[in-house]
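Fit chain D to the known structure of chain F by using the hints.
Here is what each chain is made of, one letter per residue.
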Amino acid sequence: MIVPNALMTGWKSKLALVAGTLGVASWLGYRAECRNLDAAQQPDSSTRSTARPVLATRTRAGSIDRLNALRRVAGRWSLAPREEAQCWEIIRGFSVDEVKAYLAEIPENLNFQANLVLAGMLFYRWGQLDPEAAMKEALKPPYAEAQYYQSVVAAWMGRDLEGVMRWAKANGSEPIKRDVGNAAGRLLAFQDPETALARATAEFPSAMDGVLFTLALQMSDSEESRRKFFALLASREDLKERKRCLVSLASAPAYTGRHVPVEMVAELEASGAPPDQVDFFRNELERQAIFQNPQEALERMSLPGSDTPRDRQLSAYANWLKYEPEEATAWAANHGKVDFVAETVKARATQRIAGGWQPGGEERNGWDRSTLDQFNAWRRHEPTTAETWLQTLPSEIRDHFNASSHDATR
Amino acid sequence: MPRDKRLLLRAAGLLGLVSLAWLGDRAGHSLARAGWFHQTSVSAKTTRIESSPAESQRTTQATAGQAASALKRLRAIVAASPYLGTDWDAQAEINSILAKLSADELAAIYEELDSGSVILARKVGLAWVAKDPSAALSAMLAKRSRYHSFNAVVIFGEWAANDPSAALAWLDSTDLPPELAEMKARFRRRALPGLLERDFDLATSELSKFERGAEDSRGLLEQWASVYAGDPAMRERLVKFAKSTGRPDDYAQLNSSLLRSWPQEDSQAMLEYLKGLRDYLNSDAVPVEARPKVDATAVGAAIHREYTGPALEWWMERYSQSSETPKPLRESVSAWVQKYPDQARQWFDEQPASPQRDSLSAAVVTAYAARGKFQEADGMLQRISDPKIRQSALERLDFAWTQRDPQAAAAWRVGRGWKL
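Just so you know, the protein sequences line up as chains F and D, in that order. Going by this note's numbering, the first sequence opens with residue 345, and the numbers climb by one from there. Going by this note's numbering, the second sequence opens with residue 972, and the numbers climb by one from there.
The following block holds chain F by itself, in its conformation from the complex:
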């Protein structure tokens, strides 16, 4: 009885050992691959199991069907944001072979928005797996024109910034160096503002603008940090580069949402910057303010005691008018600036008439519609002056203005 029991025990323990080994190894393999997939890391293609091709073929066919279905639903238009997320969910699990296979599957109509996005995702995925090969393909027709190299860089830079910089320095055309340089510079400054300039100088000079742009944004928020930035600026010899830095600093509110005080001009002056740079910076700040918040900028410019020339105020108004014609016209009329409205109407009408304006019916052109609306606002506030001016126009145009005025009052 003892012998059979011992035999039984031995058999059971061996079976448990075999099952345990199989179970633990499977679990470890499974977890490792899950981590790979979650991090969208490259699966180890050199050690594929014999079962993999069968599974991969099945999943590949399913994936491609799903992608094609999403692509066809979008047709000639963009994928919905939700569909984009679904596509990436599929593509992020692709191998290089699958990426290549689906790139070949996308039809020649790369100008269809959905196809463009899908090809971008495929290049991004390829960039995660084999960036140099992906880059080589992205720079060939028909992909080169759509700048898919940016998708590859986006994937590659997150993992190996030095690798991308090395590649771009050795292989990139000037536009690519500039483009990759800007992105790399931003990342260098984000990673370590203290060493970013030195790293850009040593590793990839094309990244300098990106570094300086990011430092300008980062250092715009306090007088102390701006003082350091101006000192840094003074140490740069390239005058064009200095101007680009000042443009970046002036654009900081647009990027950071932080209010940047006009005292910055005085701070720059105090740092010993030459007068032409100070003037350049002042104008740039004003230009940015006009673009970002034209109403606030106009109100500041037209305060009593403001030395902003009238033509610059008028140009700020014209800029606002392009984007928000109703608001701009109403503001001018309510703030004693009807002359802005009048001058804009005159300038635009003259330009359009001289350019062969064929007026008639309902104006579908936004510019012309807005000109007619402004004329009506002008006529409401200064009927005599507006009418006198109208009489100087050819009768055909005069009739058109009058008809639009009639429409506006209906």
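No lab work stands behind these hints: they were computed from the structure. Treat the hints with care, since some could be wrong.
[As the list claims (entries may be wrong)] Dumping the calculated SDA-like pairs for lysine to any residue here, alpha-carbon to alpha-carbon at most 20 Å:
hint: 1; chain 1: F; residue 1: Lys356; chain 2: D; residue 2: Leu988
hint: 2; chain 1: F; residue 1: Lys358; chain 2: D; residue 2: Gln1362
hint: 3; chain 1: D; residue 1: Lys1155; chain 2: F; residue 2: Glu671
hint: 4; chain 1: D; residue 1: Lys1114; chain 2: D; residue 2: Ser1144
hint: 5; chain 1: D; residue 1: Lys1359; chain 2: F; residue 2: Leu734
hint: 6; chain 1: D; residue 1: Lys1114; chain 2: F; residue 2: Asn637
hint: 7; chain 1: D; residue 1: Lys1359; chain 2: F; residue 2: Lys513
hint: 8; chain 1: F; residue 1: Lys513; chain 2: F; residue 2: Gly502
hint: 9; chain 1: D; residue 1: Lys1344; chain 2: D; residue 2: Gln1362
hint: 10; chain 1: D; residue 1: Lys1264; chain 2: F; residue 2: Asn637
hint: 11; chain 1: D; residue 1: Lys1043; chain 2: F; residue 2: Gly502
hint: 12; chain 1: D; residue 1: Lys1264; chain 2: D; residue 2: Tyr1278
[Said to hold, decoys possible] Now the stretches of chain D that chain F is said to cover, found in silico as 3 or more residues with beta-carbon under 8 Å:
hint: 13; region: 1127-1133
hint: 14; region: 1228-1237
hint: 15; region: 1297-1311
hint: 16; region: 1365-1374
Fair warning: this is a prediction, and the values are worked out from it, not measured in the lab. In this text, a Cβ means the ideal position worked out from N, Cα and C, and glycines have one as well.
Just chain D now, with coordinates in the frame of chain F:
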């Protein structure tokens, strides 16, 4: 020997176990790649995104701390991404963070975002709109900056792309805040272009909801016509629809854009289409009062495609006694004269005097004057016999010439003995 045999057996057993472990490991990898048991983090994220309408019911109270912490993470992702627009992992990560936030938390984050965070602001806005559209869109407009007002329209468009029936039903609801009710046409205009191919009937039925017709739809039919000009099936559906709306201008605008965009390699089909169009225009299908504009738009488009002779012949048969030329035809004739001046001069020479010839000549005077061809403009002016049309053309020429060269214009007036 027995000892050697035992050793051999143990070695074989060990080897077997190692092989088994390797096979197990590979099988585990395969199972994971095949998606068994495990949902990757992104698929979980996407599932959450898909269930966002249901999540709109979530009543979790927002806390400033949670929003601030999420915003910090979001900003770090954006800062670390070289090109966020094509950084799909970063975007998936952002989606995943946003999917866990309540409407209040999303509102707090959106409020903090500036115009430099374009993609992030759109993603936050989209997540928020899906949960609480009126509050989200009103808040975007309330920020009172050009950027955020535009963003509201763009974000509505993205919501409509994700969930057209919910977005369009919201747009039709009667309790919209006034500032959003005013924007209805812009929202709808943004939602419709891409909807046509997904749901033709829904998209075209929405077109009829623009209160001020073509003025509000801002060229939607033309946009569709230009996109689908090379697709016979869609072309046919669009034409059928445009004829059915009861607004002749819809059909006119569709024709204009369709003919201008028709692929050159399909010119036989275009010729057939033009014949069909002529028959349609010859019928009583278009109401009398709408005919001049509809006809002029079709003729203008035919001239653009260089079917000038037959198109103008047809036009003159119908309108030679009218002194009005609708704008689309004036524009096409002006362009034709610039492109083929000799051919155009010959055509004008061959036309018997008529009010319509005068009217077309006046358009040509304006076109020449705009390009500084003042002598040619003057030559065309001499052919106009209708005194009113001639005076109007004279004023256009004088205005343009005086702007460009006042002395030459004055000399011309004196030479002609004209006083304006």
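Evaluation of the provided hints:
no.: 1; hint: F/Lys356 <-> D/Leu988; verdict: holds (15 Å)
no.: 2; hint: F/Lys358 <-> D/Gln1362; verdict: violated (111 Å)
no.: 3; hint: D/Lys1155 <-> F/Glu671; verdict: holds (18 Å)
no.: 4; hint: D/Lys1114 <-> D/Ser1144; verdict: violated (24 Å)
no.: 5; hint: D/Lys1359 <-> F/Leu734; verdict: holds (19 Å)
no.: 6; hint: D/Lys1114 <-> F/Asn637; verdict: holds (11 Å)
no.: 7; hint: D/Lys1359 <-> F/Lys513; verdict: violated (70 Å)
no.: 8; hint: F/Lys513 <-> F/Gly502; verdict: holds (18 Å)
no.: 9; hint: D/Lys1344 <-> D/Gln1362; verdict: holds (19 Å)
no.: 10; hint: D/Lys1264 <-> F/Asn637; verdict: violated (42 Å)
no.: 11; hint: D/Lys1043 <-> F/Gly502; verdict: holds (19 Å)
no.: 12; hint: D/Lys1264 <-> D/Tyr1278; verdict: holds (19 Å)
no.: 13; hint: 1127-1133; verdict: holds (count 3)
no.: 14; hint: 1228-1237; verdict: violated (count 0)
no.: 15; hint: 1297-1311; verdict: holds (count 5)
no.: 16; hint: 1365-1374; verdict: holds (count 6)
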